[in-house]
Amino acid sequence: MSILSAKTRTEIDRNIAKFPPEQKQSAVMASLIAAQDEYGWVSPEIIAEVAAILEMPRIAVEEVATFYNMYNTKKIGQFKLVICTNLPCQLMRGEDAAQYLKKKLGIGFNETTPCGTFTLKEGECMGACGDSPVMLVNDKRMCSFMSHDKIDALLEELTAQAKSSGVRA
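Residue numbers (this note's numbering): 1 to 169.
FYI, nobody ran anything at the bench for these hints, they're computed from the structure. Errors might be hidden in some of the hints.
Heads up, simulated EDC-like pairs for lysine to aspartate or glutamate below, C-alpha to C-alpha not over 20 Å straight-line [claimed, not checked]: (1) Lys74 x Asp139; (2) Lys75 x Glu95; (3) Lys7 x Glu22; (4) Lys121 x Glu156; (5) Lys103 x Glu122; (6) Lys80 x Asp152; (7) Lys80 x Asp96; (8) Lys80 x Asp13; (9) Lys18 x Glu45; (10) Lys75 x Glu45; (11) Lys140 x Glu124; (12) Lys140 x Glu122; (13) Lys103 x Asp152; (14) Lys121 x Asp139; (15) Lys121 x Glu111; (16) Lys24 x Glu55; (17) Lys150 x Asp139; (18) Lys74 x Glu62; (19) Lys104 x Glu156; (20) Lys7 x Glu38; (21) Lys74 x Glu63; (22) Lys24 x Asp13; (23) Lys121 x Asp131; (24) Lys75 x Asp152; (25) Lys102 x Glu63; (26) Lys80 x Asp139; (27) Lys102 x Asp139; (28) Lys24 x Glu63; (29) Lys104 x Glu122; (30) Lys102 x Glu45; (31) Lys102 x Glu62; (32) Lys74 x Asp96.
For clarity, every value in this text was computed on a predicted model and none was experimentally measured.
Produce the entire structure from the sequences given, and follow the hints as far as they go.
This is the structure we're talking about:
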C-alpha cells in the first residue's frame, strides 16, 4: 500500500512522463519534492517508495535526498527559514541577520522552535547576491534585503499564519 496520496502519485507520474521510459530515474528530484510537499519531509519510508516507483536502488534515492539541502530528511517546523551565509550576503550584514534570527527564535541552525513553528537552516548561495541578505521560506518564497525590521515583519506574518492554521506559535 502506498503512503503517498493519489495527488502526489499523479504529480510523480507527470514528472516521470517527461523522460524516456528507460530514464525514469531522472525524475528523482521532482519526485522527492512532490513527496516532501505532501509530508513536509522525506522519511525513510518515502525514500523507499520513491525508489520503488522509479525502479532505483533505495540508496541512490537516499543519496539525492541527503546531498541537496532542499530536502528535509528529518521533521521540521511549519516554516523552514533558510538564510544565506555565503560571502556576498555576509558582506551585506548576512551574519547580523542570522544572529538576529537566532536570538528572535531562541534557536540555532538546524533547530526547531519548541512550538514547532520555525526551523532555522543555514543556506548556500541563492543566486540573489544583489538582494542580500537573502532568506528562503519553505524553499519556495525568497525574501530580500532582510533587515531586522523585515525579519520582524516576516516572523509576525508567519506566526499569524500558523495561528490561523491551528498550529501553536
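Going down the list of hints, with the structure as the test:
1. Lys74 x Asp139: Roughly 15 Å separates the two Cα atoms, so the pair holds.
2. Lys75 x Glu95: Given that 20 Å is the threshold and the Cα spacing comes to 26 Å, the pair is violated.
3. Lys7 x Glu22: Violated, at roughly 24 Å.
4. Lys121 x Glu156: 19 Å, holds
5. Lys103 x Glu122: 15 Å, holds
6. Lys80 x Asp152: With a Cα-Cα distance of about 16 Å, the restraint between lysine 80 and aspartate 152 holds, given a limit of 20 Å.
7. Lys80 x Asp96: Cα-Cα ~19 Å, so holds.
8. Lys80 x Asp13: Judged against 20 Å, a Cα distance of about 27 Å means the pair is violated.
9. Lys18 x Glu45: 25 Å, violated
10. Lys75 x Glu45: 13 Å, holds
11. Lys140 x Glu124: Answer holds: lysine 140 to glutamate 124 is near 15 Å, not above 20 Å.
12. Lys140 x Glu122: 15 Å, holds
13. Lys103 x Asp152: 12 Å, holds
14. Lys121 x Asp139: 11 Å, holds
15. Lys121 x Glu111: 8 Å, holds
16. Lys24 x Glu55: 8 Å, holds
17. Lys150 x Asp139: Given that 20 Å is the threshold and the Cα spacing comes to 18 Å, the pair holds.
18. Lys74 x Glu62: Holds. Lysine 74 to glutamate 62 sits at ~13 Å (cutoff 20 Å).
19. Lys104 x Glu156: 11 Å, holds
20. Lys7 x Glu38: 9 Å, holds
21. Lys74 x Glu63: 15 Å, holds
22. Lys24 x Asp13: Holds, because 10 Å separates the two Cα atoms, which is no more than 20 Å.
23. Lys121 x Asp131: 19 Å, holds
24. Lys75 x Asp152: Violated, at roughly 25 Å.
25. Lys102 x Glu63: 29 Å, violated
26. Lys80 x Asp139: 7 Å, holds
27. Lys102 x Asp139: Satisfied, since the Cα-Cα distance of roughly 19 Å is no more than 20 Å.
28. Lys24 x Glu63: Holds: lysine 24 and glutamate 63 sit about 17 Å apart, inside 20 Å.
29. Lys104 x Glu122: 16 Å, holds
30. Lys102 x Glu45: Violated - the C-alpha atoms of glutamate 45 and lysine 102 are around 32 Å apart, more than 20 Å.
31. Lys102 x Glu62: 30 Å, violated
32. Lys74 x Asp96: Since the Cα atoms of lysine 74 and aspartate 96 sit roughly 27 Å apart, the hinted pair is violated (cutoff 20 Å).
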